[in-house]
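Trainee: Here is what each chain is made of, one letter per residue.
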Amino acid sequence: MNIEALRKGDQAAFRQLIDMTHRDIFRLALKFTSNQDDAKDIAQEVYLEAFRNIAGFREEAHIKTWLYRITVNRSLNLIRRNQNKHQTLSLENEDYSLVQLPTSSSYQADQRVESKELKKILNEALSQLPENQKTAFLLHNHDGMSYNEIAEIMKLSLNAVESLIFRSRSNLKKILGAFYEKNYSKAQVLQTPDVK
Amino acid sequence: MNCSEFKQTIHSDTINPSDRMQIDLHMEQCPECRQYYHFVIDSVDQFSSLFDDIVPDDSFASEIEKSVFGKAFRYRSIPLWIKLTSAAAAIAIGLFVGKTAYDSRQSGTVQNEYTFINTPADTVYMAETTEIMYFSLINENGDQ
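Quick note, the sequences are listed as chains A and B, same order.
So for the first sequence, the numbering used here puts the first residue at 1; every next one is plus one.
So for the second sequence, the numbering used here puts the first residue at 1; every next one is plus one.
For the record, the hints were derived by calculation from the structure and aren't laboratory data.
For every residue, glycine included, the Cβ atom is placed at its ideal position computed from N, Cα and C.
Derived BS3-like pairs: lysine-lysine, alpha-carbon spacing no greater than 30 Å straight-line:
| hint | chain 1 | residue 1 | chain 2 | residue 2 |
| --- | --- | --- | --- | --- |
| 1 | A | K64 | A | K120 |
| 2 | A | K116 | A | K173 |
| 3 | B | K71 | A | K8 |
| 4 | B | K7 | A | K119 |
| 5 | B | K83 | B | K99 |
| 6 | B | K71 | A | K64 |
| 7 | B | K7 | A | K120 |
| 8 | A | K182 | A | K120 |
| 9 | A | K119 | A | K64 |
| 10 | B | K7 | A | K116 |
Listed next, with one range per pair, are the computed distances between beta-carbon atoms:
| hint | chain 1 | residue 1 | chain 2 | residue 2 | range |
| --- | --- | --- | --- | --- | --- |
| 11 | B | Y102 | A | D41 | 53 to 59 Å |
| 12 | B | F96 | A | E60 | 38 to 44 Å |
| 13 | A | F166 | B | S49 | 17 to 23 Å |
| 14 | B | A88 | A | R167 | 49 to 55 Å |
| 15 | A | D143 | B | A88 | 42 to 48 Å |
| 16 | B | G98 | A | M1 | 45 to 51 Å |
| 17 | A | F166 | B | W81 | 44 to 50 Å |
| 18 | B | G70 | A | Q16 | 14 to 20 Å |
| 19 | A | D143 | B | E28 | 32 to 38 Å |
| 20 | B | E5 | A | F57 | 52 to 58 Å |
| 21 | B | S18 | A | R15 | 52 to 58 Å |
| 22 | A | M1 | B | V55 | 17 to 23 Å |
Chain B on its own, in the form it takes in the complex:
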């Protein structure tokens, strides 16, 4: 195995046992390929331990606690049941106010246009008057 074949083989998706032997043999003889292998393959394999030497300060946990409990209570989230109850109350108040406004508008309109009609008797009187006027008009036109 030469250097070019070595590099091609270690980048292939699967390395069979005989290729593995060839790779190891070549690395024993070729320092550059050995270094290449360590750089390319071992770096990837050992990535998991790359940050093991970095640990947060001992005080970090208490810093988090201060930050979480401080902020959490400043902007404490409202429980779901309070949100639902508030929404239901808002809808009920809205409906009540809307209905009241509608009713008052309706009654106001009726009073403005037909203030002289207060009872069913008034309605009958209105109908009779209209009928009399109608027949009078017909008779007058017939006379001419």
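With the rest of the complex left out, here is chain A:
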């Protein structure tokens, strides 16, 4: 990527940057917002901000990391705005009893991941995490991002990032465990348990 050309406002160079990175930027925004339209809006805002401020890009980080940082800030701002507008649904209040978990005998990992409802449940669980834990978790699960890059984006130390990711995973498991116990325990087991 020709950073010098980008700094000079070269449109061809910027088009190349968009072509190379827009899918990852969109997907990261989507992970934060869980909404495709919001993710598209954020991606457009990210590139507009980048184009206006590219002259100030210092090359201390990779340009993609710089774009990710803008994406995270924009996404968090949007989430905060939406939280003020209307209350987000809570796992505690939502009735998920109709969500079909795969039966134990037919269980396949792919089926579970593709389930729209489970995607929603996971997003709701994520929304219950503190903002910094959620950010660290989402970045860790995006584009094979390293701890160093996450630290760069979040402007934190490596130890702080490791701790945030560990706590986010632990908390997510607890939230999902409590949710499972409340909604599916026993009722979802279609086959007679054969516990020894």
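The hints should help you fit chain B onto chain A, whose structure is shown.
Mentor: Same frame as chain A, but now just chain B:
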């Protein structure tokens, strides 16, 4: 390992190899715990692939380009050197205007109050007149 121990173990911070074996053994025997494990642990582990099936349209890149270049040129940011030059020019003009206004006010004030004093000779004349008047006043008071 029973179901309760199973759940406690999979939520612990670290799982040692012997616990791992117990977990796997229990899952083979207990469908509910197996489902619990898949729901709680695998969902978290596989989150990274959760959105892989969603990709933007092929036209999305060109949409971004249109949006960026359209808006960017409408509100194009001013280069730093132009901002600095403008600020310096504004300060210089401000100083010039201020100085001119101050000077004219000063000279105006002097002319209004001492219009009769134009040269150093006038100043000397004024001083002499004042001195004469002073001594006259003293003499007059002394006579009385």
